[in-house]
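S.K.: Starting from the known structure of chain A, arrange chain B on it as the hints suggest.
The listed protein sequences derive, respectively, from chains A and B.
Going by this note's numbering, the first sequence opens with residue 886, and the numbers climb by one from there.
Going by this note's numbering, the second sequence opens with residue 5, and the numbers climb by one from there.
FYI, nobody ran anything at the bench for these hints, they're computed from the structure.
Misleading hints may appear alongside valid ones.
[Claimed, not checked] Away from chain A, derived, C-beta distances all over 10 Å, residues of chain B:
1. Gly35
2. Gln91
3. Glu130
4. Met155
5. His363
6. Asn485
[To be verified] Covered, in the sense of this in silico footprint (three residues per stretch, anywhere, with C-beta under 8 Å from a C-beta of chain A), are these stretches of chain B:
7. 302-308
8. 324-331
9. 341-352
[Unchecked claim] Under 7 Å between C-beta atoms, here's a sample of chain A residues computed to sit facing chain B:
10. Tyr1103
11. Arg1106
12. Ser1107
13. Phe1108
14. Val1115
15. Leu1118
16. His1121
17. Ala1122
18. Ala1124
19. Ala1126
20. Gly1127
21. Gly1131
A virtual CB, placed ideally from N, CA and C, is assigned to each residue, including glycine.
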Amino acid sequence: MLLSRYQLVRRSSASRRVAILAPITALLVTIVLNFVLYIAMGKAPAAVFYAMLVEPVVSWSSFSEVLLKMTPLLLIAQGLAIGFRANVINIGAEGQFILGAIFAASIPVWVPQATGGWIWPAMLLLGGIGGALWAVVPAFWRVRLNASEILVTLMMSLIATQLLAYLLVGPWKDPMGFNFPQSVMFQLDATLPLIIPGTRVNVALILALVWTLGCWVYMQRSFQGYKLIVGGLAPHATAYAGFSEGRAVWISLLIGGFAAGLAGAAEVAGPIGQLQRSVASGYGYSAIIVAYLGGLNPIGILFSSLLIAILYIGGDNAMVSTELPIAAVRVFQGSLLVCYLAAITLVRYRIVRVVTTEARA
Amino acid sequence: MPAPLLSLRGLTKTYGTVRANRGIDLEVAQGSIHAILGENGAGKSTLMKLIYGVETPDAGEVIWQGNPVRLTSPAEARRQGIGMVFQHFSLFETLTVVENISLIVPGRKAELAARIRELGQEYGLEVEPRAHVHSLSVGERQRVEIIRCLMTDPRLLILDEPTSVLPPQSVTRLFQTLTRLRDRGVSILFISHKLEEIRSICDRATILRDGQVTGNIDPREHDAHDLAKMMIGRDMPAPRPAIAREPGEIRLELAGLDYRPDDPFAQSLSKISLRLHAGEILGIAGVSGNGQAELARLISGETTRPAAADEIRMMGKSVGHLGAAARRKLGFAFVPEERLGRGAVPEMSLADNSLLTAHRFGLVQRGLINRSREADFTARCIKDYDVRTPGPQAEAGALSGGNLQKFIVGREIMLAPKILFVSQPTWGVDIGAATAIRRRMVDLRNDGVAVLIISEEIEELFEICDRIQVIREGRLSPSLNVAETRVEDIGRYMIGAEERAGI
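If we strip away everything but chain A, and leave its shape as in the complex, we get (with noise of 0.2 Å):
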């Protein structure tokens, strides 16, 4: 009797086209599956799928507001992204957020009368420095310790958290804001300049899509980047050629905790204009799937937090239309990632269909 059974063999090197492929693949599986909770649910896919993935872009109000949203988990993304590839994995980019966030906040906080071009640019240099200085913790213990850096930086993100609410219950918290947990409103000149006019798009997304553009020329030209990618697919290539690992843990969260800062910097400057309790409302998190979604590639962590920005606004719209719960949103999301990440083994390995005779006795 013939039996036949999958197998999993490595690729003798990585597939291009699959490398492509993966993603959208992915998010036609997680369109199917999602298809059959709606219906379970008793939803119509068809005005699920529409308010969640047609309306963000059809209209240049929501697909505005879609660029907003894309621009701090890009910053975020790419930051990570380095990071990952060197297998530093940072995933406290919610705290370095929130640091950026208060770092920034500080100028409008302790100087409100200030004028001038130089305070947003300012506010953006401070919440990047924020959000290093909070990544400095973690690499720190990592080289001295060999702590992991996982671990830390996620508890380092609760810290983040409670030092937010101490700031707005006491010290930071607006005199005249009827008790509320929340700062001054920014002056004008604390907030960023908007470069669509009608709408939020501020000049952060300039900055991000500069940044990405930086991060593209860093993993794959300069000798720095190379270091750290050797470092993530070959530790002990790493100790041949006398890398530091030490430095290569400093870059990588440095530069993730720097990103995260900025955007956080951004947002309280630019769409929320004051310091509250839900500056960050999970950008860190998500980044982690915005990197891992665009293949840890700056021009794939493009697309990527496009898409997720999508899903954030389509989402939104899914909930007040067709009252879809918020659980089902991150669902789409969630699914998304495994489908993704099942799909990019492929990328390395191709299944072999093996035929088997039963055994002779």
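M.R.: For chain B alone, coordinates are given in the frame of chain A:
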């Protein structure tokens, strides 16, 4: 003539564009020791995988004891009575011998232990069943592997380069075991590229080249030169004679190096002393696992020492506290024994692998990689060192072991080092490539480079070294001049007989 135990008819296996085996015909007689001889990349390993069921053939027939069979998994092959001992052992170090064996062979431990002792006595494979594997020598581990195969009572035993890990005295003992097995009716497929060995023990030899059978002979009727010619398809290049010359200044010195590793399974080193001069080749012989890996990491700078120790000097400078990059800047170059993942990054192109150690040679400018210089360097290395690959953009992981080794050796020599350190230069490398690599090292020596080699192959060390020191249990023997030393002397140091006799 009785029917053959195993016949293969037209066995073919293709990987992508590589035709690893093309229409292989082979007959293994009952009770014979049959050699499979061929260079690395000739298709020996693929053929063994097909016979042991690790891979399935694209075409062709396997006939086992007169019946066609499909061997689709090692379990199936074992059921049919085929056993295999791999070159790299698959034993759990933290378990005892009997525990390792009970993972595959059913039965109570006490019974298994009794059978281990019984088989051990019968075939000269004595090993203590309750010993932990990490405490065993390589030769003993191999005995465990062979016993494990014998427990399933095989009719055919496949041995993949069994002698490459053994000291000479253990080789003799292994051969006695194999002869005894043959006399009791077990056939043996013996894979090797060591010609003298094959001539001394095998009844038949099948020679493979480029995935095809190029000869089916009685090895005792041909000399080693003939066999080599059949194997590589042309005459073997003669080794280049070393120019007699006075060694120059000391380039590398280890002065009483003591080292206690953190890893409990690693070998600690004690009072290692050696001096390596310009224009000489010093070989470090020894059975692997006696501290070679630890010593290599200390010399390369992958393991560093406190600055105060002053045990390692290069070019007269104390370097024990310096990392690998700083030592390379002084003119040190190194080829490690692991090519994939240490000497090269498998997922990266050859061009990007050039950058790993050659980045100081104009390949990086103002922090940016100069892609055209990187490609030039790589293309030159591929051409000068005869690396068989589609080009600089091929992934390192896609190259055969021998070709990747040629690339890494080439890359390190192109750095124009003052000290070249090569660990296991020809492990798993075919004869053609091995000869080329050895010639390169002799050339470098003649040009005044200090060359240090760690190798398990005594013949290789005798062929190219000026002096040899033997490492055993983390200690280094005195220096022996090759011209005044016999292979047996080295062998005695390798198994420690010299120490016992000396006291």
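S.K.: Going back to the hint list, which numbers does this structure go against?
M.R.: 5, 10 and 21
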